[in-house]
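All chains, please: the whole structure from these sequences, using the hints.
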Amino acid sequence: MSAHWPAVSVVAVSVLQLILVMLGGPLLLGLMRKVRCRMEGRVGPPLRQPLLDLRKLARRERIRPEHASWVFPFAPVALAATTLVVATVTPLLTTHPLFGWSADLFAVVFLFLLGSVSLALGSLDTGTAFGGMGASRAMTIGALTEPALLVAVLALSVPAHSSNLPAIITRSLAHPAWLATPQRVLALVAFLIVIIAESGRLPVDNPATHLELTMIHEAMVLEYAGPDLALVKMAESMRLAVLFTLLANLFVPWGIATAPGPLHLALAIGATAGKVAALGTAMAAFEVTVAKLRLFRVPELLAGAFVLAVLAVLSALVVP
Amino acid sequence: MGADVLYSGRPAVVDTGDLMPLSTFALDLNRFGALFVVITAVVGLCAMVFRLGYSGHGLSSRTASVILPLFVTSLLLVPAASNVTTFLFLWELMAITSLFLVLTDHRQRAEVQVAGQWYAVMTQFGAATLILGLVLLSTRCGGQSFSVMAHRAPHLPAWVRSATFVLTMVGFASKAGVVPLHVWLPRAHPEAPGPVSALMSAAMVNLGVYGIIRVGMDLLGGGPTWWWIMIMALGGLSAMFGSLHAATSNDLKRLLAYSTTDNIGLMLLGVGASGLFASTGHRTLALLALVAALLHLVFHSIFKGSLFLSASSIQQATGSTDLDGLGGLLRRMPVSGPVFLLGGAAISALPPLSGFVSEWLLLQSMLHGLPSTNVSIALAMPIGVGVLALTGGLTAFTFVKAIGIGLLGLPRTVGAERATEVRRSMWAAAGLLAGLCVVLGVAPFLVVPAVLNAAGDVTRIHQGSTLAHGWQIGLPGLPGTLAPGLLALGLAAFVGLVALARRLIHPGPVRLAEAWGCGREEQSAQMEYTATSFGEPLTRVFEDVLNPSRDIDVSHIAESRYYTEAAVIHTSLEDAFERRLYRPADRSLRRWGAAARLVPNGSVHRYLAFGLVALIIVLVVLA
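Chains as they are written, first to last, in the working numbering: chain U, 4 to 323; chain G, 1350 to 1972.
Rather than coming from a laboratory, the hints here were simulated on the basis of the structure.
Just to be clear, a hint being listed does not mean it is correct.
A few chain G residues facing chain U, derived, Cβ under 10 Å [stated by the list, open to error]:
| no. | residue |
| --- | --- |
| 1 | ALA1596 |
| 2 | GLU1708 |
| 3 | ILE1732 |
| 4 | ALA1738 |
| 5 | ALA1841 |
| 6 | VAL1847 |
| 7 | ARG1851 |
| 8 | VAL1859 |
| 9 | GLN1872 |
| 10 | PHE1883 |
| 11 | VAL1890 |
Glycine included, C-beta positions come from ideal geometry on N, C-alpha and C.
And the structure:
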């Protein structure tokens, strides 16, 4: 962080990050769907289809179940707000976002937890069996994901002596040799499993399922309609985009802007879009080849991720 | 007075020779003790205000009215005791008064008596080991004043120090509800009257942690690595076991009691890490870990006090604490409901509330212990982070269940259906504590300096730089910053913006409609998810630990056994320690008792012979 960052450009970059995440999230989903369709021999909807869906939903009326309290309409707002806070302060495009000194990796984890808890409460507020079912399953998986997630965070923070995101990325740019160490590779695999579980992708949860009994995330949002549903879908896609970008920047940081200036920024946007698109394509291709796991096999997967994360921390002892 | 000591740093000393015969009644409050006095005072004040509106549980009886103030007084004085006799006297006063308070309702319900028995046995067992430990230390030191002991204890032989530490630790752990000595907690807390369970969970269990820190760090001046590994192991076990049982309990107060065991475990994880760092020479980290543990203790007292008080409000409004009999209370209790929700969010460490700040500090202290060449630190820290994370996830699960099933959705019983808001003094008291969760979460600099001073007094590590710089929390000499105020501001701003955007897109009123239910006629509470079904996936995942039992009674109609008349399912979870440890211990004690009864058969001659044999043995031994 040697370059001088004028305050105006720092604010501008964060606003840009927000806009790109808001647009990029739905586009990322569109890309993943497209890849999936192509691999299955279908043409598939256009890339911007999720954005069109959001526009369609936003125009519809708002409906609320009659027994619900204020928690139900509040939950999507809280979910979206947590994701937007993360998208503002984390280093998605540059190593110097607005309030980047406060962008702590542990804080990001707890902010996402706040979003998940809000949505689970919103779904329980409907008083239906599906809401309860979705919340129960999502919270069970969430609780079991947490150890793998935080230990993987620990594995990344230890070499940088800090859990501050810009600091971790800046240090790995300065020491490229770190990126090939065994602890990095182990942490990467743990992170990938965690992201699959957190964002409700195959093989943990099937986002395209139409059978309520197999649903996790979709069962939670069953009662949301119109603008509320648009908000939930938007927040979920933004969360996926933020998680992918963070993953890409933590493990392959090259391309992120380390100095201010339009040229650096344009390069960063291109590089980030490329990295995230590559990650999305790979993930979609992986999803085509796997089937959804039985709910009670998911803990085994997450326990595996936890073991990998612990090994990532411990291997730092053997391979300094 | 406690606040004065805490912020000015001047100790308050009371020394009266004639209050207790053969000893002196000596009080000496330093900043470490004052922290506990202030917490107890805040929780005690709220509990007393709450009690004004609280009826039931026999708390209005004359005995209870006398004992409750006595209990609060003993809680306030224990951290000030400065010699062994005073300490043990106040400690026993606290134990006995709290036992009476647990038993206030014993005439009405048999479970209260059972709970009282468990509590009495555990607390007296703890007191016995405590007396042994402190007497051993004071005789070896040649003085019973804590300052004399702190001066001489570091020069004692290692076995005396270790024996003292282990003995007192057992005593304090039984008071703090540490696994495997936690069994009284989930029994006594649901049966005690509301304000009493709040005081026990938010003030009394703290004193167990106080004792471990006071003896281990202050009197003994720190110890070898294995002491602290042991404390960390016990803390980790308590945290996991407590959070797992909290996640699968269906009774609101029992759930809160297990969650206390869980949080005490987290504090001990911090205390153990602190001792471990101190024993390996990392003084800054030792201070940081202890500050994290003490900060968590302060915050836990506040949110657990709030949760217990609002749970009692719910109990009074609905007549039940069984989650499967509640529901729909957020709309019926417009203050107590949100207060419970806030407390639940704070205990789940959700930003920007208080629990998040202390857990973040705890995580930071563990992170900065690594990478380490010391094998015990290198192993303990990642496992500690894993325990903390699993506990955090399970706590979020627990409180989503407690809030989602208890407060949201449809009411499941007539009691919940007819519930109304409780009296003002009750919701105001719980609401004050919930408000503190928000204020201290957003502005932790209000308490961090006080906690830092308290930790500095007891570890004798004084860092020039402080943890809190204005609205941020930074670590002295270590990279890492948290800005809870900024985080709260950002969240509030985005919540406002998103809600505004939704309103602009759709300015009209929200249509109320029936929830979708696969073509059923009418939505009823019977179709709702219950607390049991909510916890079922978790129960299955942790089947080996929880050992769920399940009984299905099916009765058939008389004409044909192919048609069922009624089916009743009983499910239960039993505490593994109760089944594997306490029941066998209880059985063998009973057997020994029965065997020993054969020896004294009532014959005077035999007793005289016993006396003679004993005398001969004594003479032989002395010769």
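message = Under 10 Å is the threshold here; is the Cβ of G:VAL1890 close enough to any Cβ of chain U for the hint to stand?
response = Constraint on G:VAL1890 satisfied, holds at 5 Å.
ask   = Taking 10 Å as the limit, does the beta-carbon of G:GLN1872 come near enough to a beta-carbon in chain U?
value = Because about 7 Å separates G:GLN1872 from the closest Cβ in chain U, which is inside the 10 Å limit, the hint holds.
inquiry  = Less than 10 Å between beta-carbons is the criterion; does G:ILE1732 satisfy it with respect to chain U?
reply    = 7 Å, holds
ask   = Under the criterion of a CB-CB separation shorter than 10 Å, is G:ALA1738 in contact with chain U as hinted?
value = Holds, about 4 Å.
inquiry  = Can you verify the interface hint for G:ALA1596: is its Cβ closer than 10 Å to any Cβ in chain U?
reply    = 8 Å, holds
key: Satisfaction of the G:VAL1859 interface hint, Cβ to chain U closer than 10 Å   = Because about 4 Å separates G:VAL1859 from the closest Cβ in chain U, which is inside the 10 Å limit, the hint holds.
Agreement of hint G:ALA1841 with chain U interface, Cβ distance less than 10 Å = Where the cut-off is 10 Å and the nearest Cβ of chain U is about 8 Å from G:ALA1841, the hint holds.
task = Classify the hint on G:VAL1847 as holds or violated, based on whether any CB of chain U lies nearer than 10 Å to its CB.
result = Status holds, d = 5 Å.
ask   = Was the hint right that G:PHE1883 lines chain U, CB cutoff 10 Å?
value = 4 Å, holds
ask   = Holds or violated: is the Cβ of G:GLU1708 closer than 10 Å to a Cβ in chain U?
value = Holds. Min distance 8 Å.
ask   = Against chain U, is G:ARG1851 within 10 Å by beta-carbon distance?
value = 5 Å, holds
In summary, this structure violates none of the numbered hints.
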